[in-house]
Amino acid sequence: MPHYTQYMNNNVFFNAAASSISERMCVNLVHRSQWVSFPGEPTTTAISISNFFTSYSMGLGLDLKRDAIGNFNRYYVGLGYSYKLKLSKTIDAGMGLGVSLKSNYLTNSNWVTNNPDKEDEAIPYDANGNWTSDINLGMFIVSNNKWFLGLSALNLVSIGEKKESLKSKPNIYLVSYYSFPLNKKISISPFLNLKTDISSFQFDIGVMSNIFNDFSGGLSYRFQDSFNFLLGYNLNDLSFMYSYDMNVSNISSYGRGSHEISIKYCFDIYDSLGIDDVESIDKKLKNVRFL
Numbered sequence: 001m002p003h004y005t006q007y008m009n010n011n012v013f014f015n016a017a018a019s020s021i022s023e024r025m026c027v028n029l030v031h032r033s034q035w036v037s038f039p040g041e042p043t044t045t046a047i048s049i050s051n052f053f054t055s056y057s058m059g060l061g062l063d064l065k066r067d068a069i070g071n072f073n074r075y076y077v078g079l080g081y082s083y084k085l086k087l088s089k090t091i092d093a094g095m096g097l098g099v100s101l102k103s104n105y106l107t108n109s110n111w112v113t114n115n116p117d118k119e120d121e122a123i124p125y126d127a128n129g130n131w132t133s134d135i136n137l138g139m140f141i142v143s144n145n146k147w148f149l150g151l152s153a154l155n156l157v158s159i160g161e162k163k164e165s166l167k168s169k170p171n172i173y174l175v176s177y178y179s180f181p182l183n184k185k186i187s188i189s190p191f192l193n194l195k196t197d198i199s200s201f202q203f204d205i206g207v208m209s210n211i212f213n214d215f216s217g218g219l220s221y222r223f224q225d226s227f228n229f230l231l232g233y234n235l236n237d238l239s240f241m242y243s244y245d246m247n248v249s250n251i252s253s254y255g256r257g258s259h260e261i262s263i264k265y266c267f268d269i270y271d272s273l274g275i276d277d278v279e280s281i282d283k284k285l286k287n288v289r290f291l
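Our numbering puts the first residue of the sequence shown at 1, with every later residue one more than the last.
Keep in mind that the hints were calculated from the coordinates and are not lab data. Among the hints, a few may not be true.
Pair by pair, the computed Cβ-Cβ distance ranges are [to be verified]:
hint, residue 1, residue 2, range
1, 190, 259, 18 to 28 Å
2, 27, 259, 29 to 39 Å
3, 252, 162, 13 to 23 Å
4, 131, 205, 14 to 24 Å
5, 212, 261, 33 to 43 Å
6, 183, 131, 47 to 57 Å
Cβ atoms here follow ideal geometry from the backbone N, Cα and C, with glycine treated the same way.
Model the full structure from these sequences, guided by the hints.
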């Protein structure tokens, strides 16, 4: 799976239940350039759209991704369904099921192998355009946006992929944060992200601060990899965030860190599956006959 530093704002990409977290429609665009100046550097571009339908306590999510590294491109289309339960006046829980479709492409077939006279079975020469699918699960529990705990599993079942070198390993994510106010103007939110593909393990730990509910900034550490600096700005329903990863591993000698930028827009819409109280909406509706 593509990697993100701003995972706390990008739950839809890796948690099938995330479309029920916010009771609004949200559109999120993310671009990440990793290990800048490194030959064949990984780059990821993604967009997600999610909406929660209050009348049915369910959410739907769609995400599109392009992940490129070296001579290899992978395209993703993810669909997710989630259902939210109210456990108490302040605590909600959600469960989700998702499916992701992916297709692989080689951008350059001029590979240099140890034995030029023999085809390397690990190189997917014939993979271009083949679509395969994976099954994903997710869940979360949240309390009035004060604290959050999410658990998700991706690539649990791979369907249609016959080449072992292209099969995605199962990925498990555990994401949590807790937000508490220092005063009326400033809040602090420590956060944690644990992730594993069963054979390896990594974690991010950090803290974000929010000032006047407009400006945000933070610092995080990714185990044995990087220190990450985050800056954000909220303008009504529109939010921007930029992060820079300063590598501390051996790869720092070859690349100039990683850049990630996201733009997110959330807004309220009428529940297209049933509006509970139409008369309470103070809005004039226009059509070609009645203006």
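Consistency of the hints with the structure:
| no. | hint | result |
| --- | --- | --- |
| 1 | 190 - 259: 18 to 28 Å | 24 Å, holds |
| 2 | 27 - 259: 29 to 39 Å | 21 Å, violated |
| 3 | 252 - 162: 13 to 23 Å | 38 Å, violated |
| 4 | 131 - 205: 14 to 24 Å | 37 Å, violated |
| 5 | 212 - 261: 33 to 43 Å | 22 Å, violated |
| 6 | 183 - 131: 47 to 57 Å | 52 Å, holds |
When each numbered hint is compared with the structure, violations occur for hints 2, 3, 4 and 5.
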